[in-house]
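First to last, the sequence lines map onto chains A and B. For the first sequence, our numbering begins at 1 and goes up steadily by one. For the second sequence, our numbering begins at 1 and goes up steadily by one.
Honestly, the hints are just simulated from the structure, not real lab data.
Heads up, simulated DSS-like pairs for lysine-lysine below, C-alpha to C-alpha not over 27 Å straight-line: (1) A:K42 / B:K11; (2) A:K42 / B:K78; (3) A:K45 / A:K2; (4) A:K42 / B:K57; (5) B:K57 / A:K99.
For clarity, every value in this text was computed on a predicted model and none was experimentally measured.
Here is how the chains run, residue by residue.
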Amino acid sequence: RKEVEQDPGPFNVPEGATVAFNCTYSNSASQSFFWYRQDCRKEPKLLMSVYSSGNEDGRFTAQLNRASQYISLLIRDSKLSDSATYLCVVNPAAGNNRKLIWGLGTSLAVNP
Amino acid sequence: GAGVSQSPRYKVAKRGQDVALRCDPISGHVSLFWYQQALGQGPEFLTYFQNEAQLDKSGLPSDRFFAERPEGSVSTLKIQRTQQEDSAVYLCASSSSGVGEQYFGPGTRLTVT
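Build out the structure end to end from the sequences listed, making use of the hints.
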């Protein structure tokens with residue numbers, strides 16, 4: 001089993017739709033979690049951190065389920081500009097470990 | 001403000017050549033990371049610096065890969081005797097706080113022919 005797994009998609013949704021992505025991780029001791037966004041042929045950019053209590057930033061909601069070892073990203077009222085690849089990122093250990101584990105990404109295409 | 005910059009943006013090398021990729025992190029960021037990203041894949045960790053100290057190089061795929069950050073700011077990733085499988089985008093990221101809050105440069109696209 002891969003350390004971080006995502007459904008690669010692509011997810012094709014119409015504008016205004018709500019779409020959700022899940023990401024599972026294998027290491028139950030993982031400490032912190034993030035969603036990054038990567039546009040085609042561009043660098044990844046931090047979208048949001050994922051907190052234990054769940055967090056929301058505008059149309060985006062991230063949640064963590066430690067018992068089932070997955071994190072989710074919900075996008076409401078999707079826009080054409082949301083089309084990108086969404087990368088799930090996990091920090092598997094505490095302390096000075098900096099070796100983040102990246103998923104392969106989930107591709108989203110929002111259509112007019 | 002200025003973000004992370006990388007040069008060159010594109011590099012074509014013949015198999016067997018040595019290449020050097022440069023990264024200028026955001027000023028004041030103590031942490032610097034190098035990643036390799038193949039087409040359709042997520043970034044793969046190569047190495048990590050805290051200031052000038054290379055704290056983790058476990059992701060470097062072979063001894064042909066070498067990274068340095070001698071003064072704790074600019075970093076160079078060197079690949080010796082390039083092979084076709086080295087073709088990828090090499091991303092540099094820096095961070096001032098928090099291991100997950102990394103700011104990426106535009107990457108160097110390396111093609112080995």
